[in-house]
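Q: One line per chain: the protein sequences are P and E, in this order.
For the first sequence, our numbering begins at 1 and goes up steadily by one.
For the second sequence, our numbering begins at 1 and goes up steadily by one.
These aren't lab readings, by the way, just hints derived from the structure by calculation.
Predicted, not measured: the structure shown is a model, and the values here were computed from it.
It is possible that some hints are incorrect.
The list cannot tell twin chains apart, which means a pair is met if one copy fits it or any two copies do.
Stated by the list, open to error - Below 30 Å or equal to it, Euclidean Cα-Cα: the simulated DSBU-like pairs (lysine-lysine) are:
1. 101 - 295
2. 295 - 314
3. 295 - 211
4. 101 - 314
5. 314 - 211
6. 211 - 194
7. 194 - 314
8. 194 - 295
9. 101 - 211
10. 194 - 101
2 protein chains.
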Amino acid sequence: MTPDTTPAELEQALTDAADAARPLAASEPAARAGWIRAVADALDAAADELVPIAMRESSLPEPRLRGEVARSSGQLRMFADVLEEGSLLEVVIDTADPQAKPVPRPDLRRVLVPLGPVLVFAASNFPFAFSVCGGDTASALAAGCPVIVKAHPGHPDLSVRTAEVMIEALRAAGAPDGTLGLIQGYDVGVTALKDPRITAAGFTGSVPAGKALHEIAVTRPEPIPFYGELGSLNPVFVTQAAVDARGNEIAGGYVGSFTLGVGQFCTKPGLLFLPAGHGLDDQLIEATSSVAEAKMLNDRIAEGFSSGLDRLRKVEGVRVLSDGGATLLGTTVTELLARRDEILEECFGPVSIVVEYSSVDELRAAVEAFEGNLTATLHAEEAADAELARELLPLLTARAGRVLWNGWPTGVAVSWAQHHGGPFPSTVGSIHTSVGVTAARRFQRPVAYQDTPDLVLPAVLRDANPAGISRRVNGTVTTGEVSR
Amino acid sequence: MTPDTTPAELEQALTDAADAARPLAASEPAARAGWIRAVADALDAAADELVPIAMRESSLPEPRLRGEVARSSGQLRMFADVLEEGSLLEVVIDTADPQAKPVPRPDLRRVLVPLGPVLVFAASNFPFAFSVCGGDTASALAAGCPVIVKAHPGHPDLSVRTAEVMIEALRAAGAPDGTLGLIQGYDVGVTALKDPRITAAGFTGSVPAGKALHEIAVTRPEPIPFYGELGSLNPVFVTQAAVDARGNEIAGGYVGSFTLGVGQFCTKPGLLFLPAGHGLDDQLIEATSSVAEAKMLNDRIAEGFSSGLDRLRKVEGVRVLSDGGATLLGTTVTELLARRDEILEECFGPVSIVVEYSSVDELRAAVEAFEGNLTATLHAEEAADAELARELLPLLTARAGRVLWNGWPTGVAVSWAQHHGGPFPSTVGSIHTSVGVTAARRFQRPVAYQDTPDLVLPAVLRDANPAGISRRVNGTVTTGEVSR
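Work out the full structure: start from the sequences and follow the hints.
A: Structure representation (structure tokens):
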């Protein structure tokens with residue numbers, strides 16, 4: 001077992017991060033973009049060394065882990081691009097208007113500045129993409145915040161080596177010392193979370209841990225934002241028309257999605273709602289029974305899965321359809337509504353529940369039984385189901401951060417439009433995302449400069465717009481210059 | 001005294017708000033813009049009736065209150081404009097990219113949707129602009145959230161009448177019933193804040209009340225965002241060159257700003273830092289002593305001011321320069337650093353402290369003595385002080401949400417670029433603003449639709465962009481249509 005970070009080491013990490021905050025805040029966005037690209041390149045270059053460590057510590061297969069490295073380096077490059085393009089800074093300039101009513105308006109120039117040192121609690125299930133080099137770190141670095149990662153105990157060696165690769169790349173590229181740090185140990189993480197030098201925290205993990213850390217962050221003498229991704233059931237609702245048109249395809253896609261990565265995705269579809277008499281039992285059972293047994297991320301998660309599965313099997317009205325490398329359970333909407341809390345408790349691992357509904361009213365009631373989720377999916381036929389879909393989509397929208405049509409929730413594309421977050425309890429802080437460009441916004445606060453001369457303004461706010469970044473000037477987005 | 005809202009009335013208000021949430025969320029942005037404009041027009045039309053009530057309840061003068069009505073209706077119209085222009089919805093569309101690496105990218109369309117019913121705790125000091133028809137209400141309505149305002153007890157009749165005018169305007173314009181509600185009573189507000197139907201809260205008021213309500217909001221079984229504006233000292237730093245160039249003007253501007261509205265602005269300059277030997281004592285004292293005595297907002301605030309002033313006068317090293325309708329105190333940076341907590345405690349009302357510094361090192365130390373503030377101001381000369389300003393501005397930026405050059409912090413323009421918020425303790429939630437276009441973001445959460453056909457998408461996300469709103473498509477802002 002990796003020893004916990006000592007108090008002296010933690011103090012050093014916090015001091016280094018605090019010392020790095022000012023030069024990072026003062027750095028030009030283009031310089032920051034360069035540092036972030038250097039990290040991306042270093043990660044790609046180190047993949048041959050890092051992936052085997054990750055395989056040993058997480059039991060995940062090589063192709064998946066190589067994909068994760070590519071996803072992580074790609075994400076870093078996306079943030080670098082958006083820093084250079086400028087939108088990440090959200091510059092808004094309103095030039096003075098002496099004629100404005102009821103009072104003359106001054107020249108105001110708004111830009112997002114970094115909050116300061118950010119503490120990132122890494123996840124177990126994505127040793128790269130939601131860990132040391134993951135989205136929280138990438139978005140905080142892009143924002144200009146030093147980052148201290150609290151390593152997940154499931155992959156300690158990988159965490160240390162990844163941090164070394166990133167720190168060396170940052171140093172070689174000219175980033176301030178202390179831009180990235182790594183700590184180990186749950187209590188050490190809690191101590192760091194309480195430290196006044198930490199200005200925000202990101203977390204991906206379990207509901208109980210997330211709730212406990214959230215409460216610490218928001219009740220500190222100086223409360224800080226805590227962005228936590230806690231848990232999600234990701235229900236999938238299938239219409240009769242969709243079953244008629246492509247039932248087999250849906251059955252196969254579903255089993256593939258809920259067993260992907262040994263069911264250890266935060267976006268695993270936990271329930272599939274099918275019309276009674278769907279006739280897909282054979283396909284579902286066959287696909288599930290052909291899933292090979294695979295080692296889970298670590299012993300603690302395997303034990304949690306085992307006890308969660310035992311619990312679910314014993315719920316009245318829930319029966320086992322298929323068992324083995326993955327488990328498929330079955331129930332009905334009537335049973336679900338009668339024992340909602342028991343059936344709708346997330347079980348992290350390769351299990352999912354097929355729930356039969358006997359009418360559209362029951363389907364609607366099933367949708368409304370859910371609290372907040374990261375995703376909600378509808379499988380429907382555009383022509384036959386348009387009216388039903390128009391009724392259900394707002395209900396899904398009220399309960400999820402991402403709404404999918406005829407797809408599977410596992411797999412979260414990194415792009416401008418992505419949103420990975422949802423109403424409580426799937427996240428604490430549903431107005432924010434941990435994936436996509438706007439993830440950086442979690443670690444930035446706006447500052448408006450009033451009537452400040454060009455000579456002393458940050459370069460991104462000057463009239464001439466020397467870097468040609470995208471800015472909103474008097475209401476219109478432009479890369480041009482401004483005349484006062 | 002206005003009686004508190006009864007439990008039955010509160011339950012009705014919460015039910016009405018919850019019922020309004022779904023139709024509001026489903027409303028077209030242009031329809032919402034129309035409802036908001038109707039409220040603005042109704043407020044303007046009712047000014048002759050509302051302003052006298054406000055004068056009686058707040059003791060504020062008529063021109064100031066008429067200005068506030070105009071500011072409030074103008075703010076509502078700004079949100080209506082930005083709803084129609086589209087930026088308020090932050091639509092981002094990334095069309096599918098089957099060639100994307102490491103995996104093909106789906107079509108993703110992101111839009112901000114309303115959180116649900118919002119509870120607004122109104123402020124005492126702006127009976128219109130930060131009360132029933134103020135920025136929190138305007139931004140929440142623009143976001144598509146029903147609003148329940150907890151009236152400030154300082155202007156109960158105005159609150160009731162303003163709400164009636166707004167509710168009637170909303171009804172006549174076709175907005176859902178329950179879009180706006182009003183409740184009275186501190187305990188009633190706390191009960192509402194704990195209710196699961198409330199999804200977010202805005203607050204403007206004192207540090208103790210704000211901290212208490214914040215803790216309730218974030219430790220509920222389902223935590224909700226709490227946006228609180230608590231208190232601010234708004235320091236103003238003046239260089240020697242600025243004194244040399246326009247000392248008299250600075251002295252007059254300062255006294256005008258700290259005594260504006262009987263010193264009852266959250267942006268009142270609480271301290272003015274001048275170089276020792278500035279020679280402005282006579283002007284400062286003369287300007288302060290000519291300020292007429294005026295009634296404060298209410299007895300409780302007057303008593304708080306009186307005891308706060310007594311406390312400040314007794315702090316060692318603080319002397320009285322001028323006393324009367326307004327009070328000017330004096331001290332030095334040495335004294336301030338020795339008794340920081342005593343001197344840097346906000347005293348709401350017509351008092352401010354002139355602090356002398358004896359060197360640039362002391363000036364820098366004074367800046368660094370401050371915690372979070374809404375504003376920080378530098379008076380300097382562009383040519384003579386460029387180097388000093390470039391050094392001080394980042395220090396001010398680290399401590400404030402708005403940085404002013406050669407101006408006065410009272411007066412907060414409503415525009416795209418405005419930011420009204422600052423690091424703790426000036427606000428809880430420093431990444432958000434309560435004034436300006438992005439204030440709506442506090443009450444919106446993103447939803448991304450994946451591979452969803454045009455037929456069932458919200459109109460603002462459809463390929464054809466029927467309303468011609470501003471959207472970011474594949475990274476570029478456009479009002480054009482999209483081809484899949």
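Q: Each hint should be assessed against the structure and marked as holding or not.
A: Hints versus structure:
{"no.": "1", "hint": "101 - 295", "result": "between (68 Å within a copy, 28 Å between copies)"}
{"no.": "2", "hint": "295 - 314", "result": "within (24 Å within a copy, 70 Å between copies)"}
{"no.": "3", "hint": "295 - 211", "result": "within (28 Å within a copy, 47 Å between copies)"}
{"no.": "4", "hint": "101 - 314", "result": "neither (69 Å within a copy, 43 Å between copies)"}
{"no.": "5", "hint": "314 - 211", "result": "within (27 Å within a copy, 45 Å between copies)"}
{"no.": "6", "hint": "211 - 194", "result": "both (15 Å within a copy, 17 Å between copies)"}
{"no.": "7", "hint": "194 - 314", "result": "neither (41 Å within a copy, 35 Å between copies)"}
{"no.": "8", "hint": "194 - 295", "result": "neither (36 Å within a copy, 44 Å between copies)"}
{"no.": "9", "hint": "101 - 211", "result": "neither (47 Å within a copy, 35 Å between copies)"}
{"no.": "10", "hint": "194 - 101", "result": "neither (46 Å within a copy, 40 Å between copies)"}
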